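Student: Sequences listed follow chains E and U, in order.
Position 16, counted from 1, in the first sequence is what this note's numbering calls 16; the numbers after and before it change by one each time, with no gaps.
Here this note's numbering runs 114 ahead of the position in the second sequence, where the first position is 1.
To be clear, the hints were calculated from the coordinates, so they are not data collected in a lab.
Since the model is a prediction, treat every value here as computed from it, not as a measurement.
Ideal Cβ placement from N, Cα and C applies to all residues, glycine included.
Careful, some of the hints might be misleading.
Derived Cβ-Cβ restraints for the label pairs, each shown as a range [claimed, not checked]:
{"no.": "1", "chain 1": "E", "residue 1": "Arg22", "chain 2": "U", "residue 2": "Ala193", "range": "32 to 42 Å"}
{"no.": "2", "chain 1": "U", "residue 1": "Gln174", "chain 2": "E", "residue 2": "Gly16", "range": "45 to 55 Å"}
{"no.": "3", "chain 1": "E", "residue 1": "Ser27", "chain 2": "U", "residue 2": "Gln159", "range": "16 to 26 Å"}
{"no.": "4", "chain 1": "U", "residue 1": "Gln159", "chain 2": "E", "residue 2": "Gly59", "range": "18 to 28 Å"}
From chain U, some residues computed to sit far from chain E (all C-beta separations above 10 Å) [said to hold, decoys possible]:
{"no.": "5", "residue": "Ile148"}
{"no.": "6", "residue": "Ser166"}
{"no.": "7", "residue": "Asp169"}
{"no.": "8", "residue": "Gln172"}
{"no.": "9", "residue": "Val176"}
{"no.": "10", "residue": "Leu179"}
{"no.": "11", "residue": "Asn181"}
{"no.": "12", "residue": "His186"}
{"no.": "13", "residue": "Ala192"}
{"no.": "14", "residue": "Asp198"}
{"no.": "15", "residue": "Thr207"}
{"no.": "16", "residue": "Leu213"}
{"no.": "17", "residue": "Leu225"}
Straight line, CA to CA, 30 Å or less: simulated DSSO-like cross-link-like pairs of lysine-lysine [to be verified]:
{"no.": "18", "chain 1": "U", "residue 1": "Lys212", "chain 2": "E", "residue 2": "Lys68"}
{"no.": "19", "chain 1": "E", "residue 1": "Lys102", "chain 2": "U", "residue 2": "Lys222"}
{"no.": "20", "chain 1": "U", "residue 1": "Lys156", "chain 2": "U", "residue 2": "Lys222"}
{"no.": "21", "chain 1": "E", "residue 1": "Lys24", "chain 2": "U", "residue 2": "Lys170"}
{"no.": "22", "chain 1": "E", "residue 1": "Lys102", "chain 2": "U", "residue 2": "Lys185"}
{"no.": "23", "chain 1": "E", "residue 1": "Lys24", "chain 2": "U", "residue 2": "Lys156"}
{"no.": "24", "chain 1": "U", "residue 1": "Lys170", "chain 2": "U", "residue 2": "Lys185"}
{"no.": "25", "chain 1": "U", "residue 1": "Lys182", "chain 2": "E", "residue 2": "Lys102"}
{"no.": "26", "chain 1": "E", "residue 1": "Lys78", "chain 2": "U", "residue 2": "Lys156"}
{"no.": "27", "chain 1": "U", "residue 1": "Lys212", "chain 2": "E", "residue 2": "Lys78"}
{"no.": "28", "chain 1": "E", "residue 1": "Lys68", "chain 2": "U", "residue 2": "Lys222"}
{"no.": "29", "chain 1": "E", "residue 1": "Lys24", "chain 2": "U", "residue 2": "Lys185"}
{"no.": "30", "chain 1": "U", "residue 1": "Lys170", "chain 2": "E", "residue 2": "Lys102"}
{"no.": "31", "chain 1": "E", "residue 1": "Lys68", "chain 2": "U", "residue 2": "Lys156"}
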Amino acid sequence: DAGVIQSPRHEVTEMGQEVTLRCKPISGHDYLFWYRQTMMRGLELLIYFNNNVPIDDSGMPEDRFSAKMPNASFSTLKIQPSEPRDSAVYFCASSLARRNEKLFFGSGTQLSVL
Amino acid sequence: GESVGLHLPTLSVQEGDNSIINCAYSNSASDYFIWYKQESGKGPQFIIDIRSNMDKRQGQRVTVLLNKTVKHLSLQIAATQPGDSAVYFCAVTGGGNKLTFGTGTQLKVEL
Numbered sequence: 001d002a003g004v005i006q007s008p009r010h011e012v013t014e015m016g017q018e019v020t021l022r023c024k025p026i027s028g029h030d031y032l033f034w035y036r037q038t039m040m041r042g043l044e045l046l047i048y049f050n051n052n053v054p055i056d057d058s059g060m061p062e063d064r065f066s067a068k069m070p071n072a073s074f075s076t077l078k079i080q081p082s083e084p085r086d087s088a089v090y091f092c093a094s095s096l097a098r099r100n101e102k103l104f105f106g107s108g109t110q111l112s113v114l
Numbered sequence: 115g116e117s118v119g120l121h122l123p124t125l126s127v128q129e130g131d132n133s134i135i136n137c138a139y140s141n142s143a144s145d146y147f148i149w150y151k152q153e154s155g156k157g158p159q160f161i162i163d164i165r166s167n168m169d170k171r172q173g174q175r176v177t178v179l180l181n182k183t184v185k186h187l188s189l190q191i192a193a194t195q196p197g198d199s200a201v202y203f204c205a206v207t208g209g210g211n212k213l214t215f216g217t218g219t220q221l222k223v224e225l
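Model the full assembly from the supplied sequences, consistent with the hints where possible.
Tutor: Structure representation (structure tokens):
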């Protein structure tokens, strides 16, 4: 298996633009997670899905952020409109376990909002 | 909520020495603990995990120790190699079933 695949690896955009981050989890994994990493706040859980259903989105910072998982092999994280403070590395992770255990992370998307 | 911290932001060791990275957690109900390694430009990579019914677990060159009495977790790396240079995170799962990550320790291996 190729592991968790994220795209794009890097995204540079201007404030106010829509940004869409994509993730393909490991085949057979039931859980999918979106994390954000910054120097100031470390790794923060934004939202996670179980069997394509959002379970906990309490970490989503604002209504500007939304996430979907239309099927077991694809998820998106969308920011609209984007702001400079959204600049961070966004990671997608998936897990086979019943709970949030032994997550396998993708390589991340480095987002820069100018 | 869960609070997870590490004792040192940076740890420098000589190649071949053993490394010990420490982590403290706050929730006594935490029952699952995990260590990740993150190299520059990559996502966190699973190293080893341990459940609260154990106090020690060993992997290849790594050992995790859990002291529930003082809510302390450590990662020991034997015979540290240059390839071990990375940021190491502990993460803890508590009653909310969420993994809370620590702030990370930068391990630097000196030749």
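Student: For each hint given before, does the structure comply? Return the numbers of the non-compliant ones in rising order.
Tutor: Of the numbered hints given earlier, those the structure breaks are 5, 15, 16, 21, 28, 29, listed in rising order.
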